[in-house]
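Peer 1: Given next are the chains, with one letter for each unit.
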Amino acid sequence: MELLKKTNIDFIGMRKFSFIASGLMAIIGIIGIIAIARGTANMGIDFSGGTEMQIKFAQAATTQSIRDALAKGGIKEAELQEITGGNQVLVKMHKSTGKSADQVADALKAGIPGNTFTVESSTEIGPSIGEKLKQDTIVAVALSMLGIILYIAWRFDFKFGVGAVIATMHDVLAMIAVFYVMHREVNILFITAVLTIAGYSLTDTVVVFDRIRENMHKSLKDPMITIFNKSINETLSRTIITSVTTFLAAVSLFLFGGEVIHDFAFALVVGVVVATYSSIFVASPIVALWEKRAVEKAEAV
Amino acid sequence: MKGYTWRISLILIFIIASCVYLTPTLVDTLPTWWSGLLPKDKIHLGLDLQGGTHLVMEVETQKAVEGSLDLIATDLEDSLTAQSLRFKKIGRLGGDKVQLTLYDRGSADKVQALIKKKYPDLEALPVFDEGGFVNMQLRINEKEAQVRKDRAVAQALETIRNRIDQFGVSEPVIQREGLNNIVVQLPGIKDPKRAIELIGKTARLEFKLVDETVNAATATAGSLPEDDELLFEKRTDPQTGAVSETPLVVKKKAMITGELLTDAQIRIDSQYNQPYVAIEFNSTGARLFDQVTAANVGKRFAIVLDNNIYSAPVIRERISGGSAQISGSFTEKEAADLAIVLRAGSLPAPVKILQNVTVGPSLGRDSIHKGLMAGLIGVVLVVSFMALYYKLSGMVANLGMVLNILFLMGALSALGATLTLPGIAAIVLLVGMSVDSNVLIFERIREELRLGKTPHAALDAGYDKAFLTIMDSHVTALITAAVLFQFGTGPVKGFAVSLSLGIIINLFTSLVATKVLFDAFLDRVHVKRLSV
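The listed protein sequences correspond, in order, to chains E and G.
Under UniProt numbering, the letters of the first sequence match residues 1 to 301, in that order.
Under UniProt numbering, the letters of the second sequence match residues 1 to 532, in that order.
None of these hints come from the bench; they were simulated from the model.
Note that the Cβ used here is the ideal one computed from N, Cα and C, for glycine as well.
Treat the hints with care, as some may be off.
Covered stretches of chain G (in silico footprint by chain E; criterion: 3 or more residues with CB under 8 Å from a CB of chain E, positions within the stretch not fixed) [said to hold, decoys possible]: (1) 348-362; (2) 383-389; (3) 426-440.
Work the whole structure out from these sequences, hints included.
Peer 2: In structure tokens form, the structure reads like this:
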């Protein structure tokens, strides 16, 4: 079976549209990062500190009744989130409320008598852990980016290294943008997903770059843009197939993996899509334009 | 293409090794002959998969330094009194100093000589006069304080380990993290609240005399004599659960402390059917206890744990022999826990819980179930897609993928790595990505076939041309996995372990394992057309 026969699409020619789309994504992503830095985004308690509990009731309990019970127990600023299936609810409180998991359990016991519940999980994180985690995360992201630029600059060329990093940054920003716009929680698992996708996106980009390098050696006379387009088309079928298989795996995690990794799997699904897009529409066009300008300059002299 | 015997043997060895390492996980009861060097450990499951409690605690090391300065102050008081050197006051000043206030310069010189001999580690600041008195200050220097802090954390770790051992948790993890933190993992624990209380208790036991000359009911912290303090005796009514607090004024100075204990056991009072804790003193403790009780018959003696009074019985007679008991209104569990903390010793400094993650066992089971289900569905989807798209070659890739998963699980088991829920996610993701190398190769083979090459030549060229690409893509993925491993904790670390192992294993299966299948097949069967 073959999904794609030999294609000949002018990907570099579409850069006007793709650059605008990617630029918009990146801007939203940057706004998202600013919101994260200022703590106004939907931050998980890993970073902000606080208490989070997953509670399972014996019988159905409405969010309103839970909210009332908590308010009666002096807990007013709790975020409630229903979990699909099995009368479960997620209670999240930021560190400013200073309430512990025990206090929540006591309030519910008093406020909703007759409906027993079990605490499926509870997490209490002090603010100092969150701060440390934030610093570690920034260091981790910076380190991995540096490692990747160095590796690609060594294996290919500085231009390619920059192209790959811009494409990867684009994917990271796009994932943040999606999470920010959908108001999904930014927690340590999200960061894990982002770094994983960064690795995946690079893999995708490197495959295309490899082919470009090979074709550049083969046909020195062809214009840059032709070589780039040819290379993207030649690897297109592989790009799509790998994306499909990875996408299938990520989607099954998203649909069947359960509550704990639901957002994590969602981030992976989004990431696979944007990573595939960026390796075709972002990474190569940037390098192509750069190379083209360099060639034209050389000819003008 | 010869020389695939060694490749096939290598693959077979890996398969056998993986199976051997996975056997304890898959088989419920190991057969009797399964002994000696054969592995017996199941794959370690993270707390998110089996339930349990993960704690990060900070040892308040500054308090340990302050505590040791308090001890020095008390000790100096005793030695000066013993040598009949007159002083006005000795006490700790701030976080790192002890201040002595003396009456005249003459005794100051003697005291200085004494201190130099007794505490060479302490730095003596210049003596100064103030309001007709002579002040001396001793400072603990930065380096010495750090040594004490470090020792406090090490000691706290040891004490916590002792307590957990006596509490009875299988496979606990108790580790130091960073300068002041201790990480404790208690898998499968049923009553996390009780365990946390047990671990977090400082358990500083003191016997203090009650000062009956002051009316406790009206006393405030300001109105107390300088060497007294106000403490409370908490009693919980076993029927109603109501807590009552009785104030008591006691002497600040402890007559006897918990360090002098050798044993503590829970006993049941046969008369009232009430649990109590029987304690045994060492010889010093026994002698002190004998002296103190003899000198204070008729007075009340408060038993204080972490500044809470457990009970304050009246000393009826001199108690010699070195045993005593702590009774209070506690349940059997509380008495048992009290006995544990007394036996295991006190923490050198209080601990503060920074992070407390507790996962119930049913959620853990649910997570495993769902994670494995999602994994299975993912594998089936990818396998069907590959079979459909690349036909027979796709099946070879699928076989490689299955080997990948087998080797990865075997490696996780052999390395004693912990499988977490994100770890399962990483494996599922790898299933999607692991076929990538084969896709790269197959696409190359297709290109070569289009150029009109023979199956054999196309296969070799395909593997050759894809080789560098595969290396490059794997190394970049490995860079991010390594970074995740370096900074991640708990489940994230588990994810990074699975991911990086998977990437390395995938290099082997895609470049060696699948290739040898093709080679062996093409050597035996003369095909006209490659099914790709």
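Peer 1: Count residues of the segment 426-440 of chain G with a Cβ under 8 Å from any Cβ of chain E, then say if the count reaches three.
Peer 2: Since 10 is at least three, the answer is holds.
Peer 1: Would you say the segment 348-362 of chain G counts as covered by chain E, given the rule of at least 3 residues with C-beta under 8 Å?
Peer 2: holds (count 10)
Peer 1: Closer than 8 Å Cβ to Cβ for three or more residues is the test here. Does the segment 383-389 of chain G pass it with chain E?
Peer 2: Coverage by chain E holds here, the residue count being 4 at a Cβ distance below 8 Å.
Every hint, counting from the list given before, is met by this structure.
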